[in-house]
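Participant: Sequence:
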Amino acid sequence: MTTTVLAPPRSRVERVAVHVRAARADSLYRNSFMLMANTVVQTALGSVFWVVAARRFGESDVGLLTATLSVVVLISTASCLGFPNALIRYLPRNPGRTGEIALTSTTLAVVCAAVLFGLSLLTPWGLPLIHGGASSGLVVLGLATVACSAAGMVCDAVFVAQRSSHLLLGKSTLGGVTKVAAVILVPAGGVADLALANLAGLVAAVALTIVLLATRLSRPLRLRRSALAGTWSFSIGNHLGMLFGILPITVTPVIVLAARGAHEAAFFGMTLMLLGLLNVVPAMLAQSLYAELSADPEQRRRHIRRAAGAIYLILVPCVVALVLAAPLVLRAFGPAYATGATGCLRVMALGSLVASLSYLVDVCVNSLGRACSYVILNASNAILVLVAVAVAAPHGLTAVGVGWLVAQTASVLVALTVLAVVARTTPPHVDPTGVLDLTRTAPAPAPARAPTPAPAPARSSRRLPFLDGLRGVAAAFVVVSHCWSTVYLDARGGRTRTQILTSWMGLGHYAVSVFIVISGFSLGLVAWRGGLGWPGGMRAFFRGRFRRIVATYWVAVAIGSGLGATLLSHPLGTLWDGAIPIRASGVAVHTLLLQDVVWAGPAGSTAFWSLAVEWHIYLAFPLLVLLLRHRPRLWLVPVLAAGAMCAASELARATAAGSWTAGLHPSLYALFVLGMVGARHAAQAADQAARRRHETQLRVAACWGLVLALLVTTRRVDPVSPVHDLWFGPLAALLIGRMADPMSRGRAVRAVRTFLERRFLVWLGTISYSLYLLHAFVIEAVWRVAVRPWRLPEPWPLVLETTLGLATAIAGAAVFYRLVEHRFTAKHPPAPVRTPALPAALPAVRQR
23 MTTTVLAPPR SRVERVAVHV RAARADSLYR NSFMLMANTV VQTALGSVFW
73 VVAARRFGES DVGLLTATLS VVVLISTASC LGFPNALIRY LPRNPGRTGE
123 IALTSTTLAV VCAAVLFGLS LLTPWGLPLI HGGASSGLVV LGLATVACSA
173 AGMVCDAVFV AQRSSHLLLG KSTLGGVTKV AAVILVPAGG VADLALANLA
223 GLVAAVALTI VLLATRLSRP LRLRRSALAG TWSFSIGNHL GMLFGILPIT
273 VTPVIVLAAR GAHEAAFFGM TLMLLGLLNV VPAMLAQSLY AELSADPEQR
323 RRHIRRAAGA IYLILVPCVV ALVLAAPLVL RAFGPAYATG ATGCLRVMAL
373 GSLVASLSYL VDVCVNSLGR ACSYVILNAS NAILVLVAVA VAAPHGLTAV
423 GVGWLVAQTA SVLVALTVLA VVARTTPPHV DPTGVLDLTR TAPAPAPARA
473 PTPAPAPARS SRRLPFLDGL RGVAAAFVVV SHCWSTVYLD ARGGRTRTQI
523 LTSWMGLGHY AVSVFIVISG FSLGLVAWRG GLGWPGGMRA FFRGRFRRIV
573 ATYWVAVAIG SGLGATLLSH PLGTLWDGAI PIRASGVAVH TLLLQDVVWA
623 GPAGSTAFWS LAVEWHIYLA FPLLVLLLRH RPRLWLVPVL AAGAMCAASE
673 LARATAAGSW TAGLHPSLYA LFVLGMVGAR HAAQAADQAA RRRHETQLRV
723 AACWGLVLAL LVTTRRVDPV SPVHDLWFGP LAALLIGRMA DPMSRGRAVR
773 AVRTFLERRF LVWLGTISYS LYLLHAFVIE AVWRVAVRPW RLPEPWPLVL
823 ETTLGLATAI AGAAVFYRLV EHRFTAKHPP APVRTPALPA ALPAVRQR
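Each residue of the sequence shown is one higher than the one before, counting from 23 in the numbering used here.
Keep in mind the hints are simulated off the structure, nothing from the lab. Check before you lean on any hint, since a few could be wrong.
Derived DEER-like restraints, expressed as beta-carbon distance ranges [what the hints assert, rightly or not]:
no. : residue 1 : residue 2 : range
1   : 229       : 206       : 14 to 22 Å
2   : 676       : 553       : 40 to 48 Å
3   : 614       : 338       : 27 to 35 Å
4   : 338       : 812       : 39 to 47 Å
5   : 589       : 237       : 17 to 25 Å
6   : 209       : 237       : 48 to 56 Å
7   : 656       : 676       : 32 to 40 Å
8   : 742       : 324       : 55 to 63 Å
9   : 614       : 781       : 21 to 29 Å
10  : 733       : 649       : 38 to 46 Å
11  : 769       : 733       : 35 to 43 Å
12  : 211       : 353       : 22 to 30 Å
Bear in mind the structure is a predicted one, so any value in this text is a computation, not a measurement. Glycine included, C-beta positions come from ideal geometry on N, C-alpha and C.
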């Protein structure tokens, strides 16, 4: 038998041909190159379009249209509801249902685009083109542009999911050529004619997409709501991440338009367009990589390494060439563009080298279905970039580029940290092939095969999830309350209809009261189960409380005082005015947690006051344990003493002694005692008669507290007076105790407990401490950057401040938790709770 051995190629041409054939046979490279070729053609023809537009139309028209198209992309992406990524993930698994899935998702996206476009007309954040001169023709033009853009996004995802990216090339070519021809043929009468030429290209591209997809979709083609079943949770999670992900590229042109005018907005728009050409490489390779990881998860690690190598092999020479030739490239649009945008383009081009890493991290996290981490990554990037651009915009376009570069660098550091956390928390069965081994210093050992344990009974874990959910709700309400107070600082009594109807939003003090009751309840569970002792002694208690509370708090004080002394140093008549000016004495007193005893000035937050009170409550905790150990029925004594001090301080607030006593917040000490006592029957297997007697005592205490509150507030009704804690605290302790009782038969109590145990609320409770520490300066920054400049009529300032403030504060808290708080708590888990004398009827809880 003769064996034929193929000789290796000798010439360079033959070797190149072999590599080309191998690349064409590899689906990752083939689809990536097709996607890149499609985007290159699209961007090249778009560049020709803008070159012609810049030569035929004025700079103001070009700047106005670039900002308008940025808003169009934002509205279109929001209307897609996360379907593009969901289609790429799920269509390969359902080849027989591609028709109904694609048609249903596209139709829903177009309908959502029309609705969002209509809502945008009612606000100042609609299309700048329409707000520049609203008419029926411009409205129709804007609606058609948004609808075509949304439909094109969803249909493009279908091509990628089917690994038919080569079909996108024809679609983009037709759309680009049509757009260029239209901008040459239309009269140069104004920005409306320029927008019409752009719409002509979109319509041609969508029409060809429909023709190409008609023969590739399975039959029957019908609208079915059930076609999207099973994709909603993934779609919505990715939707949030996508929205945050496009905020930098879509909102920054609007910021530049507002800060620098339409002329410089045109310069910045051309810079972003050229930067988009650079981002073709990481974006398209990442998108193709995502499709490969969905279709071939067994080779994840190999795909990621090859994609990273390909990105920088192509990107580095392109960046060097663009940096060197920036003036020549921009001169194609006109001499003014080369003069005004060269520095910005060079700096932002360098930033693309750093930002490319974020694309790979997004794919790694998203391919594992970690929607929360994906949202955190994109939210942190959006916040950093938008804040940096907003701060730098008044100083010129080059300063905007520097801010962009700094923000992208910080965003990559955050992304790598999140990926490291995901690597530590992903179970082996979720990541069987080591996609996250890129962040590990050594390969993780294979898990030993253990016998399958018997199913555990319900609610047998060593934590009470509803307490985390309650913390999350309380922290979110504190943020909402401070957002309301930021908008209506002096309107607690209500002067307008909006202020009166929303005055309940200013009752954030009760959320702080809930925090203190939960703290007493959580620590009380551990103490009662240990026979009114603490595992490891009181020295271990104080060490644990210090790591849990003080260390993280010091970092927040440093951030708050730094912002209060620099970026947020000037008062604007909002709640933030109580957090400035920053003085060294105030920072020192806050660092020592003595601001409730000696006031020496603020330290960059209006919420730090409660941390000193809580720390001093912990100092009194051993005395309370000693009292309850020997005289458990005397718990009412400290409650009455604290209540009397609270009432006296409220009645004598005008005096120095009354003011000093009020600053100690004695009512919160009473709440802590009530929470700790409320945990007694939750920690012990007490009979129902004892539980009923305990609940009766709490009801009586609530009645006495209400009577005392009515007597104290007779002269001046203040709904957030600390004296109201005396009746609110017993009711809160009663409700928490009932929810902690596994034998509770109350339908309403079970419904509330089930609601609080939802995964999002439990996660929100996990980061609630970070949210409480950071929210003050976050919502003030949102007010100064995103709300106040618009001068909106009521109720839009409150709606926008609450929505953006809460979302931004949660995103910032999630990042702060991972970077700071988690580092102090993860390395030192609490000691196990021993119960030698008292049988435990309920699991222990994770302490805040």
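Participant: Taking 14 to 22 Å as the stated bounds, is the beta-carbon spacing between residue 229 and residue 206 within them?
Facilitator: Because 20 Å falls inside the window, the suggested range holds.
Participant: Is the hinted range of 32 to 40 Å satisfied by the C-beta distance from residue 656 to residue 676?
Facilitator: holds (34 Å)
Participant: For the pair residue 614 and residue 338, does the Cβ-Cβ distance stay inside 27 to 35 Å?
Facilitator: With Cβ atoms ~51 Å apart, the hint is violated.
Participant: Given a hinted range of 22 to 30 Å, is it respected by the beta-carbon distance of residue 211 and residue 353?
Facilitator: holds (26 Å)
Participant: Do residue 209 and residue 237 keep their Cβ atoms within the hinted range of 48 to 56 Å?
Facilitator: violated (39 Å)
Participant: The hint says 35 to 43 Å between residue 769 and residue 733; measuring C-beta to C-beta, is that right?
Facilitator: holds (36 Å)
Participant: So does residue 742 sit 55 to 63 Å from residue 324, Cβ to Cβ?
Facilitator: holds (60 Å)
Participant: Does the Cβ-Cβ separation between residue 338 and residue 812 fall within 39 to 47 Å?
Facilitator: Because 41 Å falls inside the window, the suggested range holds.
Participant: Should the hint that residue 614 and residue 781 are 21 to 29 Å apart at their CB atoms be regarded as holding?
Facilitator: The hinted range 21 to 29 Å is violated for residue 614 and residue 781, with Cβ atoms some 38 Å apart.
Participant: Does the hinted range 38 to 46 Å hold for residue 733 and residue 649 at CB?
Facilitator: violated (28 Å)
Participant: Do the Cβ positions of residue 589 and residue 237 conform to the proposed distance bound of 17 to 25 Å?
Facilitator: violated (57 Å)
Participant: Starting from the hint 40 to 48 Å, judge whether the C-beta atoms of residue 676 and residue 553 obey it.
Facilitator: holds (47 Å)
Of the numbered hints listed earlier, those contradicted by the structure are 3, 5, 6, 9 and 10.
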